[in-house]
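Keeping the supplied structure of chain A fixed, place chain B upon it in accordance with the hints.
Heads up: the sequence lines are chains A and B, in that order. Counting from 1, one number per residue, gives the positions in the first sequence under the numbering used here. Counting from 1, one number per residue, gives the positions in the second sequence under the numbering used here.
It is worth saying that the hints were derived from the structure and are not from the lab. Glycine is no exception: its CB is placed at the ideal position from the N, C-alpha and C atoms. Mixed in with the good hints, there may be bad ones.
Pairwise CB distance ranges (calculated) [unchecked claim]:
1. E112(B) with I37(A): 33 to 43 Å
2. P291(B) with I37(A): 22 to 32 Å
3. Q223(B) with I10(A): 22 to 32 Å
4. R31(A) with N51(B): 35 to 45 Å
5. M179(B) with F9(A): 15 to 25 Å
6. L239(A) with L113(B): 18 to 28 Å
7. E221(A) with S181(B): 18 to 28 Å
8. G174(B) with T219(A): 28 to 38 Å
9. R31(A) with H177(B): 50 to 60 Å
10. H177(B) with I37(A): 17 to 27 Å
11. E112(B) with R31(A): 27 to 37 Å
12. T219(A) with Q95(B): 13 to 23 Å
Short derived list, chain B residues pointing at chain A, Cβ under 7 Å [unchecked claim]:
13. G93
14. Y119
15. R123
16. K124
17. F129
18. A133
19. F135
20. Q147
21. E150
22. L213
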Amino acid sequence: MGNPFVDGFIKIGFAARFFLAVLWQSGTAFRRFGLIIREVYFSGVLSLVIILVSGLFVGMVLGLQGYDTLQRFGASEALGVLVSLSLLRELGPVVAGLLFASRAGSAITAEIGLMKATEQLVAMEMMAVNPVARVIAPRFWAGVISMPILAALFSTMGILGGYLVGVVLIGVDAGSFWSQMQSQVDLYQDIGNGLIKSVVFGIAVSVIAVFEGFDAPATAEGVSGATTRTVVTSSLVILGLDFILTAFMFRGI
Amino acid sequence: MGPSGNIFLLVHCNVNFPDQLLSERPCFKIASPMPPSAQIVPAPSLVEIDNVTFAYDTRTILKGISLSIPKGKVVAIMGGSGCGKTTLLRLIGGQIKPSKGEVRVAGSAVHELDGDALYDLRRKMGMLFQFGALFTDMSVYENVAFQMREHTDLPESMIRDLVLMKLNAVGLRGAAHLMPSELSGGMARRVALARAIALDPMLMMYDEPFAGLDPISLGVIGQLIRQLNDALGATSILVTHDIVESLAIVDYVYFVSEGSIVAEGTPAEIRASQEPFVRQFVGGLPDGPVPFQYPAKPYADDLMGAPRA
Numbered sequence: 001m002g003n004p005f006v007d008g009f010i011k012i013g014f015a016a017r018f019f020l021a022v023l024w025q026s027g028t029a030f031r032r033f034g035l036i037i038r039e040v041y042f043s044g045v046l047s048l049v050i051i052l053v054s055g056l057f058v059g060m061v062l063g064l065q066g067y068d069t070l071q072r073f074g075a076s077e078a079l080g081v082l083v084s085l086s087l088l089r090e091l092g093p094v095v096a097g098l099l100f101a102s103r104a105g106s107a108i109t110a111e112i113g114l115m116k117a118t119e120q121l122v123a124m125e126m127m128a129v130n131p132v133a134r135v136i137a138p139r140f141w142a143g144v145i146s147m148p149i150l151a152a153l154f155s156t157m158g159i160l161g162g163y164l165v166g167v168v169l170i171g172v173d174a175g176s177f178w179s180q181m182q183s184q185v186d187l188y189q190d191i192g193n194g195l196i197k198s199v200v201f202g203i204a205v206s207v208i209a210v211f212e213g214f215d216a217p218a219t220a221e222g223v224s225g226a227t228t229r230t231v232v233t234s235s236l237v238i239l240g241l242d243f244i245l246t247a248f249m250f251r252g253i
Numbered sequence: 001m002g003p004s005g006n007i008f009l010l011v012h013c014n015v016n017f018p019d020q021l022l023s024e025r026p027c028f029k030i031a032s033p034m035p036p037s038a039q040i041v042p043a044p045s046l047v048e049i050d051n052v053t054f055a056y057d058t059r060t061i062l063k064g065i066s067l068s069i070p071k072g073k074v075v076a077i078m079g080g081s082g083c084g085k086t087t088l089l090r091l092i093g094g095q096i097k098p099s100k101g102e103v104r105v106a107g108s109a110v111h112e113l114d115g116d117a118l119y120d121l122r123r124k125m126g127m128l129f130q131f132g133a134l135f136t137d138m139s140v141y142e143n144v145a146f147q148m149r150e151h152t153d154l155p156e157s158m159i160r161d162l163v164l165m166k167l168n169a170v171g172l173r174g175a176a177h178l179m180p181s182e183l184s185g186g187m188a189r190r191v192a193l194a195r196a197i198a199l200d201p202m203l204m205m206y207d208e209p210f211a212g213l214d215p216i217s218l219g220v221i222g223q224l225i226r227q228l229n230d231a232l233g234a235t236s237i238l239v240t241h242d243i244v245e246s247l248a249i250v251d252y253v254y255f256v257s258e259g260s261i262v263a264e265g266t267p268a269e270i271r272a273s274q275e276p277f278v279r280q281f282v283g284g285l286p287d288g289p290v291p292f293q294y295p296a297k298p299y300a301d302d303l304m305g306a307p308r309a
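With the rest of the complex left out, here is chain A:
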């Protein structure tokens, strides 16, 4: 019974040491900032479409559902507050994190896994270039840099979607929509905490994606298994960390 658990622990331990190695080599990666910029393009910019479109739709649904519930209590002017707080505190970081893990995280895992399978990483080692510094660390930092920006864009589009549905379509008063939002949403409590969450999720997703790619067995099944594991593990870790962070941030536990 103990074998899978022991293997799991060994893997977590290896992942932790790998994470430290990535951090250690990050100095070299930052000196070659062009590499990181390139990876930000591949991870972040190419995820923009899915993030923006999803953000818009999530915001629109929030507007619809929020209005439906609030108007039962005669509180439909609070729609702006509902939409923006839900997005900034929770949905923005979490959903953007899940989408980022499935689009960019799986792409990073597959790319690194395939580089390992075609011996490119070994070739780099034999040419006296550390693959962790040259290939892995830029992708990790690109994920960490992109994630908060993508979460912020998601929330923005969501609020816009909520405005389109609530004010433009349904007819909630525009003034109360925005002014209630402005008074209720706090810069440090809500936006700041959302930002902290997205940074934490970014680190988690990037570490998992990069590690699974590096650890993937050098076969087709190996790479496909690693990609699946990245998405599943990242999603579970995001949701778990979300609970922990929310408990600390918003309930003062």
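Relative to the frame of chain A, chain B by itself:
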């Protein structure tokens, strides 16, 4: 004057000699070929594998193997699949450490080197992987320029000259703008060869360079291996199981079977050898020291005998 009276001139083309870079000729003069009988003084060894044992988990792959690669020669290490040939290359490159024994390259024990020293050593080695292992996100030009950009501070104009020289040496100067996905197998391997010699290494290692190539590409790669070795004044180790191509170009052959050396010699000695393993390998005979039948119980018993327990 050389040891046996032949006059030879070896000029090492260092990246610090700009005028030599501008000429089309390879920037070395080769040692005039010495007849085997005149080689009284053996060349010093560049690589020494000294009684090395290597085990992977529970499987012992190399059992107390010893061989040496003399400087300036092309040496082939041959054997069946899974006999430990690629493991030897990995030991020389420092990717794995031997369980027992020593691997020495240019006098220093590879497994005792720390990170920086190991990377210094690797900069003097070039390795050609079985399917090229080109970096797929970069063009051919950038692949060959990779080591120069990482390890030297040369200006782009000089790097361009060097890259085009190396590509010209393998015959692919016109393909510099292509991406690796647009190359055929033989071309990819030639580009990988150009990349491996980018910094003029003293030791070249080839992992199955002839695997899966058409006859023309086979001939091309074989000739390139020999000519580049002589032009660079380097030492080459060829891990292969291609008899015809390798016996035509190498100076010495080691046969590895089940983790130890079973035969060795010059190509002429190998062709004339009566050693059973060598005869089976060179002749491509199905049965011999390496058996045809996987271990099983006697045939008659299997067909006629009692139902299986």
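Checked hints:
A C-beta distance of roughly 39 Å is found between E112(B) and I37(A), which places it inside the suggested range of 33 to 43 Å. Checked against the hint of 22 to 32 Å, the pair P291(B) and I37(A) fails, with Cβ atoms roughly 59 Å apart. Between Q223(B) and I10(A) the beta carbons are some 48 Å apart, a value that contradicts the proposed interval 22 to 32 Å. Under the hint 35 to 45 Å, the C-beta atoms of R31(A) and N51(B), about 43 Å apart, fit the expected range.
For the pair M179(B) and F9(A), the supplied restraint of 15 to 25 Å is violated, since their beta-carbon distance comes to about 42 Å. Remark: the range hint 18 to 28 Å for L239(A) to L113(B) is contradicted by a beta-carbon distance near 46 Å. Range check, E221(A) to S181(B): Cβ separation about 22 Å, and the 18 to 28 Å hint holds. Checked against the hint of 28 to 38 Å, the pair G174(B) and T219(A) passes, with Cβ atoms roughly 35 Å apart.
Look at R31(A) against H177(B): about 28 Å separates their beta carbons, and that is not inside 50 to 60 Å. The beta-carbon spacing between H177(B) and I37(A), approximately 23 Å, falls within the hinted interval of 17 to 27 Å. For E112(B) and R31(A), the Cβ-Cβ distance of about 30 Å falls inside the hinted range of 27 to 37 Å, so the restraint holds. The hint said 13 to 23 Å for the Cβ distance between T219(A) and Q95(B), and at roughly 19 Å that hint holds.
With a cut of 7 Å, the hint placing G93(B) at the interface with chain A holds, because the nearest CB-to-CB distance is about 6 Å. Hint status for Y119(B) relative to chain A: holds, with the closest Cβ pair at about 4 Å, below 7 Å. Checking R123(B) against chain A by beta carbon gives a least distance of about 5 Å; that is within 7 Å, so the hint holds. Interface hint status for K124(B): violated, as the beta-carbon distance to the closest one in chain A is roughly 9 Å, over 7 Å.
At its closest, the beta carbon of F129(B) sits 5 Å from a beta carbon of chain A; the interface hint therefore holds under the 7 Å criterion. Taken as an interface hint, A133(B) checks out: its beta carbon lies about 4 Å from the nearest beta carbon of chain A, inside 7 Å. Look at F135(B): its Cβ gets to within about 6 Å of chain A, closer than 7 Å, so that hint holds up. Checking Q147(B) against chain A by beta carbon gives a least distance of about 5 Å; that is within 7 Å, so the hint holds.
For E150(B), the suggested interface contact is upheld, since its CB lies about 5 Å from the closest CB of chain A, less than 7 Å. Proximity of L213(B) to chain A is violated relative to the hint, the smallest CB-CB distance being about 17 Å (cut-off 7 Å).
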